[in-house]
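Position chains P, E and D with the ligands relative to chain V; hints supplied.
Chains as they are written, first to last, in my numbering: chain V, 2 to 389; chain P, 2 to 389; chain E, 15 to 140; chain D, 15 to 140.
Be aware that a few hints might be false.
[Said to hold, decoys possible] Derived pair list, reagent style PhoX-like, types lysine-lysine, alpha-carbon separation capped at 25 Å:
hint, chain 1, residue 1, chain 2, residue 2
1, P, Lys46, P, Lys30
2, D, Lys66, V, Lys46
3, V, Lys90, V, Lys217
4, V, Lys217, V, Lys161
5, P, Lys283, P, Lys385
6, P, Lys90, P, Lys125
7, V, Lys30, P, Lys169
8, E, Lys66, V, Lys385
9, P, Lys217, P, Lys90
10, E, Lys132, E, Lys66
11, E, Lys19, E, Lys132
12, P, Lys161, V, Lys233
13, V, Lys113, P, Lys169
14, E, Lys132, E, Lys56
15, V, Lys271, V, Lys125
16, D, Lys89, P, Lys385
17, V, Lys356, P, Lys217
18, E, Lys125, E, Lys89
19, P, Lys46, E, Lys19
20, V, Lys113, P, Lys233
21, V, Lys30, V, Lys217
22, P, Lys113, P, Lys169
23, E, Lys89, E, Lys132
24, P, Lys264, P, Lys283
25, V, Lys90, P, Lys113
26, E, Lys19, E, Lys133
27, V, Lys113, P, Lys30
28, P, Lys217, P, Lys161
29, E, Lys87, E, Lys19
30, D, Lys89, D, Lys56
Treat the hints as calculated values from the structure; they're not laboratory data.
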Amino acid sequence: MRRVYLDYAATTPVRREVFEAMVPYLTEKFGNPSSVHWFGREIRKDVDEARERVAEALNASPQEIYFTSGGTESDNMAILGTAAALRNKGRHVITSAVEHHAALDACLSLEKQGYRVTVLPVDKYGMVDPADLEAAIAEDTILVSIMHANNEVGTIQPIKELAAIARKHGVLFHTDAVQTIGAIPVDVRELGVDLLSLSGHKIYGPKGIGALYVRKGVRLSNIAFGGAQERKLRPGTENVAGIMGLATAVELAVAEQQETYEKLVVLRDKLIDGLTAVPDVKLNGHPQQRLPGNVNVSVERVEGESLILSLDMAGIAVSSGSACTSGSLEPSHVLMAMGLDHQSAHGSLRLTLGKGTSAEDIDHVLSVFPGVVQRLRDMSPLRKSGEE
Amino acid sequence: MRRVYLDYAATTPVRREVFEAMVPYLTEKFGNPSSVHWFGREIRKDVDEARERVAEALNASPQEIYFTSGGTESDNMAILGTAAALRNKGRHVITSAVEHHAALDACLSLEKQGYRVTVLPVDKYGMVDPADLEAAIAEDTILVSIMHANNEVGTIQPIKELAAIARKHGVLFHTDAVQTIGAIPVDVRELGVDLLSLSGHKIYGPKGIGALYVRKGVRLSNIAFGGAQERKLRPGTENVAGIMGLATAVELAVAEQQETYEKLVVLRDKLIDGLTAVPDVKLNGHPQQRLPGNVNVSVERVEGESLILSLDMAGIAVSSGSACTSGSLEPSHVLMAMGLDHQSAHGSLRLTLGKGTSAEDIDHVLSVFPGVVQRLRDMSPLRKSGEE
Amino acid sequence: MYSEKVMDHFQNPRNVGEIADADGVGEVGNLRCGDIMRISIKVKDNVIEDIKFRTFGCGAAIATSSMITELVKGKTLEEAEEISNRHVAEALGGLPPVKMHCSNLAADALKAAIADYKKRTQQHGG
Amino acid sequence: MYSEKVMDHFQNPRNVGEIADADGVGEVGNLRCGDIMRISIKVKDNVIEDIKFRTFGCGAAIATSSMITELVKGKTLEEAEEISNRHVAEALGGLPPVKMHCSNLAADALKAAIADYKKRTQQHGG
Ligand SMILES: Cc1ncc(COP(=O)(O)O)c(C=O)c1O
Ligand SMILES: Cc1ncc(COP(=O)(O)O)c(C=O)c1O
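One chain only, chain V, in its complex shape (with noise of 0.2 Å):
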């Protein structure tokens, strides 16, 4: 059976040149990084090459970029680290609504702890608007973590106005960029924020490894503790493997970063004209300011997880907001944030393009959507208004 993956933004598969970068780190160079004979010298050289590297692809300096077991990890510490070394300052943090959980679950852990959380709203778009930002922040404001871009919806916020709002009031500014390297341009001097997570498995790299971008002279507490590892902050023997993987990752990802964007724009949009040419199949998320590799749609009348099971039936793996695909009753909290309605966000589903995305795969999805959804809307028992 043709297969055909269009889930790009749950994870990607390890380029050929990362696991390449990596093989070393998994056969003869197994040293600890820190220790002190040549054993262990060795890989603190080239970890800390890789460092420099990473920095050097987001325009940071190498001690500003500290090395994590992924996205979840580096948003936890991102936020739990900045609120727990300011808790004398302030306890309020500011977050929006559509944030990955790693990061909207971290702030509102922080409640527990007599923090005070405001979740921003955002518009039908999925976007935040600065000027509510602008409201949000009080006296006692010590962070704000808003993502760069959506993971459901491709929806791109406006960060470097918004970093700017922060920066006025002398807040700190964190953004999640897991899904936007490689996507779209990610240069944190010129985003202007304070601290910045991406995570390996996103783009093509391997998973369980991720990073954190600390500016230099914001102090963060530590959440974890154990050894002396990066700068004390991260403790845990590094996962050189995978940071060797992440480095090549990202400079890769950065590299190519403007011409996968031309690619997967014309995909992209091809794939959202085929889609919502079928009736009563719309688009969410922002028409413009959209993740290039980003497909959001919802199928009016049809669950979203029978939807994902019958195209995995055709070989097309896609996934979906449908709240069945996360065990929990409620759909997608990106989606209700977003004002649909219940039928709408149940029967959601997200088609995410990279790499290995042909002008012939999207053919064959268009090909076989339209089948699949007649098919799931003759079992619904919800009917358009004025049928049967």
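What follows is chains P, E and D with the ligands alone, placed relative to chain V:
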């Protein structure tokens, strides 16, 4: 130059079988185990199977195994997770003075949150006295965390006895088994522990992966926030390649434990005899209750880092509890807790044996060691009483 | 995630549709939770002669709907009423724990259809 | 971790030992911190004619000891006194940040030896 690696307690090379178990997950098998479609389901099945294999090796059940980013995170999760879950039951935690910093510092961090922490002393061999534990348990004690065997001096604690005392008082018991898997038998039911940490890179697995055993019925609070992975206890996309590698590493380590033990003990004792034959070189740690691969000696009148460097220049990789290897001014908290004087603590040397160690390696070390010591002693202003 | 049986019923659902002159119709679920099931039955001599379903819902919801129609076709009303969520899940070779609520819905929809039939016949009869 | 220069001085330390009939001896550090340095000097016409060290300490401690003896040999006491920790570290091509305290010790030991020499000559002279 002939290179002899005698720092297996710091980290181990990834064994061939482990590397091969990982490769598919760094190449074609790239799906996200949380995905509903085929690419995800394929991986979910493999991760579930890996969990079963780890569980079986420890005599646990699969639902009792959680994958983490390493030994440090496992220790943190066990200690901070139970402390938070039981905060309304009591706020007293007991640990020992020779724990790894990942456990000790996690315990001590609780003091800031209003917990009491009792740090049990050890005898001159680094051993905890069960009577001390019995005496320390109070009404409000919720957790005891004592390591299975020490990473610096190799002393094996009487965990079964210690855990029984905790159980008798209805107190949870955690043990850090990072150094014991594959070295001595580790059976969670036989040991009678509630929580047990392990790490991949100490057992010929990859760095950046570990696991925590949590006995059925023991409830932990989240210490990280995000997705629903690892039954909502440990969020973040799974390090799939790491998990597959870890499962193979644990399985092989346990299968070969007896054989490894028998081989290493012989080499270890030969090394101990040879080193301590040099004047004023004394063994640290327990003479019998000792890891099969651990040798730790104090070399009087010589500082540890200078010893490591000198041996390193001769191609021999070892480590030290010297302050100067850790960048602090205080030497190893383990050696100090055992009552060593500053000179002996600063002059300690750890040589740890493993799979690759041969009798020729030991001979080589023993042929180099006396000269190196002599040279540094000649350079030292310290003199044996009566000398010069 | 799903058993082969579930996938078979999802892929080839039995008895999809609506009985035009049904003797009883039951609809349960709501859009909030993302599951709606409608079951219509044709009853003759106390036996479920025909049954059809329409479902908006996940794979498990569709499979349990399909399975329950197979299980009760030809059964008496009393036998049909005894069919529980557990039976449906078992007949499907098990369901993932997070999906158990879907099998509730199928049995509930069937019960609602039988209740509707009884109400109608009581009205007719009484 | 260490520069090549540091490793060279560690591996081939210059001027190790003790001057039997030294004009000044300085010892600094303590066992608690794991560093002890002893420097002995021979002075003629206000110039450091010979210098030797003995050090118990890490690689950096030994290398800085060795380096400082090279730096001051043949220098006047005034010139020698001007040598700071920074100079020693720089002459070694830099030291890791955590090791900077070791270079303090070397300069301190030299200062102590010069002070000892001055004390002795003052006693003789006065
Ligand atoms: C926007 C965003 N943030 C954070 C994460 C978490 O990253 P990881 O899976 O590496 O922990 C993801 C992906 O799952 C994501 O899409
Ligand atoms: C006893 C012990 N516990 C915990 C750890 C930490 O494990 P990891 O480096 O995988 O975080 C180590 C090793 O560094 C160890 O030896």
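Results of checking the hints against the structure:
no.: 1; hint: P:Lys46 / P:Lys30; in the structure: holds, 12 Å
no.: 2; hint: D:Lys66 / V:Lys46; in the structure: violated, 34 Å
no.: 3; hint: V:Lys90 / V:Lys217; in the structure: holds, 19 Å
no.: 4; hint: V:Lys217 / V:Lys161; in the structure: holds, 19 Å
no.: 5; hint: P:Lys283 / P:Lys385; in the structure: holds, 15 Å
no.: 6; hint: P:Lys90 / P:Lys125; in the structure: violated, 35 Å
no.: 7; hint: V:Lys30 / P:Lys169; in the structure: violated, 47 Å
no.: 8; hint: E:Lys66 / V:Lys385; in the structure: holds, 20 Å
no.: 9; hint: P:Lys217 / P:Lys90; in the structure: holds, 19 Å
no.: 10; hint: E:Lys132 / E:Lys66; in the structure: holds, 18 Å
no.: 11; hint: E:Lys19 / E:Lys132; in the structure: violated, 32 Å
no.: 12; hint: P:Lys161 / V:Lys233; in the structure: violated, 34 Å
no.: 13; hint: V:Lys113 / P:Lys169; in the structure: violated, 33 Å
no.: 14; hint: E:Lys132 / E:Lys56; in the structure: holds, 12 Å
no.: 15; hint: V:Lys271 / V:Lys125; in the structure: holds, 23 Å
no.: 16; hint: D:Lys89 / P:Lys385; in the structure: violated, 34 Å
no.: 17; hint: V:Lys356 / P:Lys217; in the structure: violated, 43 Å
no.: 18; hint: E:Lys125 / E:Lys89; in the structure: holds, 14 Å
no.: 19; hint: P:Lys46 / E:Lys19; in the structure: holds, 18 Å
no.: 20; hint: V:Lys113 / P:Lys233; in the structure: holds, 18 Å
no.: 21; hint: V:Lys30 / V:Lys217; in the structure: violated, 31 Å
no.: 22; hint: P:Lys113 / P:Lys169; in the structure: violated, 29 Å
no.: 23; hint: E:Lys89 / E:Lys132; in the structure: holds, 16 Å
no.: 24; hint: P:Lys264 / P:Lys283; in the structure: holds, 23 Å
no.: 25; hint: V:Lys90 / P:Lys113; in the structure: holds, 18 Å
no.: 26; hint: E:Lys19 / E:Lys133; in the structure: violated, 34 Å
no.: 27; hint: V:Lys113 / P:Lys30; in the structure: violated, 40 Å
no.: 28; hint: P:Lys217 / P:Lys161; in the structure: holds, 19 Å
no.: 29; hint: E:Lys87 / E:Lys19; in the structure: holds, 18 Å
no.: 30; hint: D:Lys89 / D:Lys56; in the structure: holds, 12 Å
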